[in-house]
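Novice: The residues making up each chain are set out below.
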Amino acid sequence: MPIIEVEELSREFQVMEPAGRFRRRKKTVHAVRGIDFSVEPGEAVGYIGANGAGKSTTIKMLTGVLVPSSGRVSVCGFNPVPQRKALARKIGVVFGQRSQLWWDLPLQDSYPILGAMHRMPEADWKPRFQELAEQMDLGEFLTTPVRQLSLGQRMRGEVAAALLHRPDLIILDEPTIGLDMISKEKLRQFLDAERRENGTTLLLTTHDMSDIQRLCQRVLVVDDGAIAYDGPLTGLADVAGAVRTMVVDLTAPVHSADLLSLPDGAVHQGIEAEGIRHSVSFDPSKLSAATVLAAISSTAEVADLSLHEPDIEHLVRELYGSARR
Amino acid sequence: MANSRAIRSGAGRDPHAPVTNLVLLKLLISARLRSQLAYRGSFLSDVAGQILLGLTEFVELYAIVHNVSSFGGMTFAQTLLVFGLASVAFALGDLLLGETDSMSETIRSGKLEVLLVRPLPVLLQLATSDFQLRRVGRLIFALAALAAALLFADITWDPAKLLLALITPLAGAAIFCALFLGAGAMQFWILDGRQFANAFTYGGRYVASMPGAALFFPIQVFFTFVIPATLVAYAPSLVILGLDGPAGIPAWTGWLGLPAAVVLSGLMLLLWRAAIKKYTGAGG
Numbered sequence: 058m059p060i061i062e063v064e065e066l067s068r069e070f071q072v073m074e075p076a077g078r079f080r081r082r083k084k085t086v087h088a089v090r091g092i093d094f095s096v097e098p099g100e101a102v103g104y105i106g107a108n109g110a111g112k113s114t115t116i117k118m119l120t121g122v123l124v125p126s127s128g129r130v131s132v133c134g135f136n137p138v139p140q141r142k143a144l145a146r147k148i149g150v151v152f153g154q155r156s157q158l159w160w161d162l163p164l165q166d167s168y169p170i171l172g173a174m175h176r177m178p179e180a181d182w183k184p185r186f187q188e189l190a191e192q193m194d195l196g197e198f199l200t201t202p203v204r205q206l207s208l209g210q211r212m213r214g215e216v217a218a219a220l221l222h223r224p225d226l227i228i229l230d231e232p233t234i235g236l237d238m239i240s241k242e243k244l245r246q247f248l249d250a251e252r253r254e255n256g257t258t259l260l261l262t263t264h265d266m267s268d269i270q271r272l273c274q275r276v277l278v279v280d281d282g283a284i285a286y287d288g289p290l291t292g293l294a295d296v297a298g299a300v301r302t303m304v305v306d307l308t309a310p311v312h313s314a315d316l317l318s319l320p321d322g323a324v325h326q327g328i329e330a331e332g333i334r335h336s337v338s339f340d341p342s343k344l345s346a347a348t349v350l351a352a353i354s355s356t357a358e359v360a361d362l363s364l365h366e367p368d369i370e371h372l373v374r375e376l377y378g379s380a381r382r
Numbered sequence: 500m501a502n503s504r505a506i507r508s509g510a511g512r513d514p515h516a517p518v519t520n521l522v523l524l525k526l527l528i529s530a531r532l533r534s535q536l537a538y539r540g541s542f543l544s545d546v547a548g549q550i551l552l553g554l555t556e557f558v559e560l561y562a563i564v565h566n567v568s569s570f571g572g573m574t575f576a577q578t579l580l581v582f583g584l585a586s587v588a589f590a591l592g593d594l595l596l597g598e599t600d601s602m603s604e605t606i607r608s609g610k611l612e613v614l615l616v617r618p619l620p621v622l623l624q625l626a627t628s629d630f631q632l633r634r635v636g637r638l639i640f641a642l643a644a645l646a647a648a649l650l651f652a653d654i655t656w657d658p659a660k661l662l663l664a665l666i667t668p669l670a671g672a673a674i675f676c677a678l679f680l681g682a683g684a685m686q687f688w689i690l691d692g693r694q695f696a697n698a699f700t701y702g703g704r705y706v707a708s709m710p711g712a713a714l715f716f717p718i719q720v721f722f723t724f725v726i727p728a729t730l731v732a733y734a735p736s737l738v739i740l741g742l743d744g745p746a747g748i749p750a751w752t753g754w755l756g757l758p759a760a761v762v763l764s765g766l767m768l769l770l771w772r773a774a775i776k777k778y779t780g781a782g783g
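Chains as they are written, first to last, in the numbering used here: chain B, 58 to 382; chain L, 500 to 783.
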């Protein structure tokens with residue numbers, strides 16, 4: 058049985074819009090229009106889309122914060138809004154921008170309270186907490202008040218809080234936003250291990266392509282309230298033509314693109330800084346970054362390089378464009 | 500070990516014991532207490548500020564009674580009884596549900612969504628969330644005023660009056676809780692409704708703490724039978740002191756505090772439920 062089942066789900070909002078000097082007119086905004094999808098237990102699904110595409114609205118309807126205008130939602134076998142409290146025991150939710158921890162208390166003080174809220178006896182929540190604290194490396198800042206934690210530390214604390222009651226499903230809304238590379242990587246490793254070991258279903262929204270690459274086998278792309286793509290990430294790249302870009306700085310200037318040897322499939326994109334900086338794009342499914350670098354190094358000495366992942370917003374735009382055609 | 504303190508906080512209990520409502524409530528309240536004490540200086544100055552505020556109100560009342568010798572047909576000690584009862588009731592209500600005062604803030608910051616995805620009623624979480632405890636200063640002052648009034652007001656006690664004197668602060672607290680709840684619920688519809696809502700809560704306290712006879716007749720009726728502010732302290736004081744009430748607030752209304760509290764709480768709880776439903780219906 059699917060853990061999330063969504064059929065013909067729609068949500069519209071009434072907003073007031075000025076019409077003339079004093080009058081206001083009601084206007085209906087369709088945030089989500091008739092989406093269908095289902096998620097099986099243990100799956101890891103990335104839910105992506107531009108700002109205002111309907112991601113948060115969908116998440117609110119899945120967690121019981123918002124009633125759908127029409128259609129059917131079932132999460133863990135519950136109808137989210139009427140059975141909100143029963144559902145809350147089965148799911149964990151992390152809102153990247155909001156805290157569910159006790160702001161003025163040391164981090165460790167939030168967990169006994171959350172455990173009690175989920176009616177877990179001490180013998181139940183404490184071993185789980187110790188396990189989470191160890192895996193997420195919370196040890197060194199457990200006694201620090203939450204308000205003094207860095208964003209990365211707090212986010213690890215938030216995720217541990219959402220997982221304390223061993224939910225079947227964890228929903229994360231922008232969990233890596235604002236985190237540095239190391240914190241992001243730690244969080245991803247942990248979430249991946251959690252899913253593998255405990256079979257926790259993962260649904261996350263993100264703007265970060267590497268979150269999806271590292272964590273999700275499946276991607277749902279929402280655009281203008283409708284599902285524009287549902288399938289594996291590799292398929293998304295095929296559909297949208299995702300390319301990586303390598304930018305290399307050479308020790309000596311090379312003034313023509315022809316003088317730089319490139320493997321087949323790599324395209325020279327431009328020269329900057331009087332021949333020092335070159336950018337080269339390539340399809341990551343056909344060429345590895347190492348191959349491209351080796352080819353360039355054979356003709357010129359590389360002083361520095363950086364890699365740019367395909368931009369998720371760009372992908373979605375491409376995809377939506379191609380879906381419309 | 501760094502984390503030994505929190506782990507030990509549950510020591511002495513059977514670790515396998517099921518989590519009862521009482522255990523949960525204790526945890527929530529102790530978390531609130533500790534949050535307050537995290538800013539010790541600010542907490543103490545808040546308590547002092549609240550005592551000072553209560554004192555100012557008292558001085559205002561004293562100034563009136565001192566100059567007109569009787570205020571709404573009451574002597575100073577009798578006025579003090581009204582003031583004391585009203586202040587205790589308000590302080591208790593504020594302590595419990597004062598947080599709903601800033602409901603629009605909670606909604607706007609998205610904190611409400613965090614409360615909604617937990618397996619507990621939102622109201623219980625609000626009542627045990629952060630910042631009302633500093634208002635304990637107001638309660639201390641109110642209790643002192645009430646004690647003084649009971650000493651000086653020359654009351655001939657009988658069992659009925661004693662019962663009424665015990666019920667009144669609690670019923671009054673329930674009335675203010677209901678008013679705070681209504682004020683919080685209102686802010687789901689009027690996002691900038693905090694000032695409007697304050698008219699009922701703080702306005703209600705102002706009316707409750709003065710002799711009702713000093714009010715204009717229609718206002719007497721409004722604050723007795725529509726918003727039961729005079730039932731919090733003035734009407735029961737009439738019974739306790741053995742006085743007759745003004746036309747709009749007959750003395751028998753002194754016994755209406757508890758029924759009014761029950762009815763008003765019921766209505767406001769319904770309004771609160773409608774408000775939460777409205778939120779889940781319309782979104783942030």
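Since the hints were derived computationally from the structure, they do not count as laboratory data. Wrong hints could be hidden among the right ones.
Taking lysine to aspartate or glutamate and the DMTMM-like style, the derived pairs with C-alpha atoms no more than 20 Å apart in a straight line are [unchecked claim]:
hint, chain 1, residue 1, chain 2, residue 2
1, B, Lys-343, B, Glu-358
2, B, Lys-147, B, Asp-194
3, B, Lys-84, B, Glu-69
4, B, Lys-241, B, Glu-366
5, B, Lys-241, B, Glu-231
6, B, Lys-147, B, Glu-251
7, L, Lys-525, B, Asp-181
8, B, Lys-183, L, Asp-513
9, B, Lys-183, B, Asp-194
10, L, Lys-777, L, Asp-600
11, L, Lys-776, B, Asp-161
12, L, Lys-610, B, Glu-231
13, L, Lys-610, B, Asp-161
14, B, Lys-183, B, Asp-225
15, L, Lys-777, L, Glu-604
16, L, Lys-777, B, Glu-69
17, B, Lys-241, B, Glu-197
18, B, Lys-243, B, Asp-265
19, B, Lys-243, B, Asp-194
20, L, Lys-525, B, Asp-161
21, B, Lys-183, B, Glu-97
Novice: Against the earlier hints, flag every one the structure doesn't satisfy and list their numbers going up.
Specialist: Going through the list in order, the structure violates hints 1, 2, 11 and 21 and respects the others.
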